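Once you've looked at the hints, dock chains B and G against the given chain D.
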Amino acid sequence: MRLKLEPRKASSRLALYAAPVAAIALTMLTGMVLFTFMGFRGATAVFEIFIQPLLQPERWPDIAVKASPLVMIATGLAIGFRANVWNIGAEGQYIVGAIAGTGVALATYDTEGWWVLPLMLLAGIVGGAAWAAIPALLRIRLRVSEILTSLMLTYVALQLLYYLVRGPWRDPEGYNFPQTRMFSEAQTVPNLLEGTQLHWGVLLTLVVVFIAWFVMSRTLSGYQVRVVGLAPMAARLGGFSENRTVVMTMLVSGALAGLAGMVECSATFGQLTPQFPVNYGFTAIIVAFLGRLHPVGVLIGGLALATSYIGADIAQTASSLPQAATGLIQAMMLFFLLGVDIFVANRVRLAPSLTQHAS
Amino acid sequence: MAAILDRRMLLAGAGASAALPYLGARALAADPLKVGFIYVGPVGDFGYTHAHDVARKKTQDFYGDKIKTNYVENVPEGPDAERVLRQLAQEGNALIFATSFGFMNATAKVAKTLPKVYFEHATGYMRGPNLATYNARFYEGRAVIGTIAGMMSKTGVGGYVASFPIPEVVMGINCFTLAARKVNPKFQTKVLWLSTWYDPAKEADAAKALADQGADIITQHTDSPAPLQVCEQKGLYGFGQASDMSSIAPKAHLTAIVDNWAPYYIGRVKAVMDNTWKTGDTWWGLKQDTVQIAPYNPAMPDNVKKAADDVKNAIIAGTLHPVTGPVSDNKGTQRLKDGEKATDEMLEKMDWYVEGVQS
Amino acid sequence: MSLEIAISIVMTLVIAATPILLAGLGELVAEKSGVLNLGVEGMMLVGAVAGFITASLTGFTPAGYAVAALAGLCASLLFGVLALTIGANQVATGLALTIFGTGLSSLAGAGFVGTTITRLPALFPQGLAGHPIFRIVFGYDVIVYLSVALTLAAAWFLNHTRPGLILRCVGESDASAHAIGYPVTVIRYLAVAFGGALAGLAGAYYSLAVTPMWADRITAGRGWIALALVVFSSWRPWRLLLGAYIFGAVMTLELYSKAAGFALLPPEMLAMLPYLATVVALAVIAMRPSRGRLDAPRCLGKTFRAGA
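Chains D, B and G supply the protein sequences, listed in that same order. Per our numbering, the first sequence starts with residue 1, numbered consecutively. Per our numbering, the second sequence starts with residue 1001, numbered consecutively. Per our numbering, the third sequence starts with residue 2001, numbered consecutively.
So here's chain D without its partners, still in its complex pose (with noise of 0.2 Å):
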C-alpha cells in the first residue's frame, strides 16, 4: 500500500478551514524545537509568541493597531488576487497614498477646518489608487504583467518619499533631519483610547473588511470578479469584461493600499519619515493568503500575523529571543499554509501500490 493525492471535486470545507490552524500549529511545534535546538527555551518563547498577547489586556489595542494596516491592504489585495490580478506592489501604492494625504496635510498647515482630514484621506485613496493605476494600464493596454510593474514602482514610490523628505519637505525647523513636520490636531486621525495608540483607523478598517465581504459575496460586481479569477473563458462569453475587472480591482486594492497609508501616517506616525514603510504592503500579501483570500478571513490572519509581531517583541525581553527569530516564525507559517493546502484541494487515499496489484 502507498499513500496517493487524489484531486477533490469540490475544495473541502472543512479542510479550508483546518488548514490555517494546522499550519500555525505547525510553526509553534517546528518553532519550539528550532529554538531549543539554539538554546533558548524554546516551548516558553513560542508560547510568548503566539499566546502571551492574547492573555494580556493590556497588548490586545497593540495587536488591533498592527493589524488594522494589514487587514485593509490585504483586504484590497485579496479582491484583486481572487480576479487572478497580481498586485504585489501595495508597498508603493501604501506610500503614495501617504504622499499625497501628507501633501495636503502640508498645504493646510496652519488651517483648522473639519474638512481638512477628510480631505488627507480622499488624497491617500486618490494617492494609492493613482499609483496601482499605472500597472494597470500597461496590463489592460499592453498586455505587461502587472506583477513586475507594480513590484518596480515600489522602489519607486520609496524613492521618491526619500527625495520629499530630505528636499522639499524637510521641516524648516527640523535642523536637518530627514522627515516632516509634525501633523496638527486637525490633520490627526483622533485618538480612541487613552493611553493606548488606539485610533479611529481602526474601525475604519472594520468598515472596509465589512463592505468588502458585502460586495464580494452579495453583489454582481463580487461575483463577476469570483468568475474571472476562477473562469476566464466563461466571464467572456457570460459578457463580463476582464479588463474592467483587472482596472477595478487594481483601482480598489490601491485605494486601500493609500488609505491605510494616509490612516497610518496621521495616526501613528503624525509626520512623514523616511521610516515610515516597514513592509505593510509586503506583509500584507502574507495576510491574504493567511486569510484564505476571504475578508474575513483576512481579519483573522491580520490579527494572527499581529499577535506574532507583538510576541516576538515580549520573547525578546523575557527570553531573549532575537528579533530575527521573527521573521523565521512568519515565514514558516506561510511555507505550513501553503504547503498544507494540498490537503485542500486533494484527498490522501491509501492506494494499493504496483506489487501488490500484480500480486
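In short, the hints are calculated from the structure, not lab data. Hints are not guaranteed to be accurate.
Okay, the calculated bits of chain D under chain B, using three or more residues with CB under 8 Å as the criterion [unchecked claim]:
(1) 78-91
(2) 166-177
(3) 315-321
Here the structure is a predicted model, which means the values were calculated and not measured. Glycine included, each C-beta is placed from N, C-alpha and C at the ideal position.
Chains B and G alone, transformed into the frame defined by chain D:
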C-alpha cells in the same frame, strides 16, 4: 573599567538602597531592578547599536543580580517604538533607555502617560519630569582623529563617508577638519553624503570614490566597517566608528572613536536605586570616558601618537575646545572670533561647514 | 578626468555589477522556465552567511563560495517543494522565502560579526592584474570572469541547444510541453535550483569580496535590483550582461560624481532610475510589433498542475 565612578562606592550604594523600598510596587529587596533598552538596529550591526548593547552588558555585569536588563532590537522608528516602550514599562522596567534619535516623539508621548517610569532618550532634545536626554561629545574624538589624519596624510586630502547632514554629523566633520588643518593648514576634507546609515557595499564604493579623488585617509559617519576594508585593500589609513574595528582592518585601522555608554548607564541605574534620579541633559565626552580613543596602531609614528594624546589630554583638562576661533565657514564668513569657543547651542544647531570642507 | 580615475570607475562598477549579474542570471533562467521566484534577496542572504561562515571556519575562501552556492540551492529547493510540487502561489512563496532568508541569516551569522576573511586574489598574475592600464581587464578575481562566462554559456544554452529550447518551451506553454511528454516540473526544479545556486554565489560575493565580513542584511536590497534587471533585460542573457553594467554604472557614477564635487541628479532620482527604466523598457518592448519573441515567458508565475 576606567570610569569616573568608583566601583566600590557604587556597590555599597546599591547594597544600601536595595534594602529600601523604591518605586512603590517593587518593595522587596530580592526583586532586581528592571532596566529596559530599545535599539534601532540589530545588536549585530558592529556599529551604533552594538556599542549600546556592549554598555548594557557592562551595566548588567557591574550590578550582577541586583538588576535585570533586557532589550528589544530592530525597533522601527515610529509607532512600533511607542508600543515597545509602553510594553517595556508595563513589564516592570523602572528605567528605560531609548537609544536612537528617531524614538524622540514616541518616548516623549509615552513618558507623559507613564509618570512613574524613568525614560532616557539618546541624542534628542525633548525633556520632561521623567524624561532625560543624553548624548556623547563624539566631536571631541573627531578632533583627535583629525589631528592624526592631518599628520598622516601625504596628499593632504581626507575622505569623509557621511550619512545625513544633521548637526551631529556636521559638527564631526567640522571638528575633524579644524584639527587636521591645525597640523596641516592646506588639509582638505572631501565629504560624500550617502543618505543612509547602513549599506556596506555603498559605503565601500564611496570610500573607493574618495580614494580616487586623492584622499589617502578616510573616516566615516556611517555604521559599517566597509570603508575601513577599502582602506586596508588599497593600503590607505582609516578609523573605526563606534567600536574598535582593528579586527576588521589591522593595517589600516589607526584608532577608533569608541562609544562607551557604560559610565552613563551605570550612573543612571544607581540614581534610580538611590531615588535620586533627576531629569536633565547630559553631554559627556572624553573626560567622562563616554568617548574613548581606541589603542593606536603600532605602525603610527611616535610623534603622531604624542600629538594625538596632547589633543586628547588638553580636551580632558578643559584647556582646549575643538571649535575655537578664529573659525570661518567654507563660504568665507567668519563664524567665531579669535579665541571664541563654540557654545553647546551652536554645536547642536550646526548647519555650516568650516573652511577646508568640500561637500 | 584622468585615465587612472576612469579605469578605477570601471573597476568599481564591474565589482558592483557582478553580484547583480549572477543573481539576475539565475533568476532569468528560472523565469525562462516559467517560474517567478521573488526569494532572490533571501537566497542571497542565505548564501552570504553560509559562505562567510565556511570561509571563516576553514580559512579557505573558495570553499565559502562552494557552500554559498549549495546553500542558495537548498533555499531554492524549499521554494521548489512548495511552489512546484505542491503548487502553491509563487509570489507568496517567494516573498516568504525572502523573509525566511533574512531571519535565518541574521541568526546564523550572529557569532561572526566583527571578523573578516581573506578575499580571493586576482585571477591573473600580478604583472597583468596590477598593470596600471591592463588591470581594467585583468584585475579581478575569478568570480567576475565566472559571471561573464556563465552569462555567455546561458545565452548559448538557451538559444542554441535542445535542452535550452525545451526549457523555454516549458516557460512559454507548460501544457503543450507536458502534452509532448516533457517533465515540466523536473525541468522547472532544475531551473529554480540553478537560480538558487547563483543567488547564493551572488550573496557570497558581498560577504567574501565586496566587504569581506558578515553584518545583518549585508546585501541591502540588491536582490530586488537583480529582479528588476531580469525584466529590464527582457529575459535575454546578453542584455542582462549589458544591463548589469549599466545598473552598476548608475550606482557607481552617483558616488564618483558627488566625490568630484558635482551631482548629476538628486541621489534619490538616480536610485529610482533602474526601476523606472525597467517599467519603461517593459512598456516600450510591449509596443513593438515583434513583441512575441521579446515578451515575458507566457507561463511566468503561473502554477502548473499536470492533468489540470
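**Report entry** Violated hints - listed by number, lowest first
**Finding:** 1
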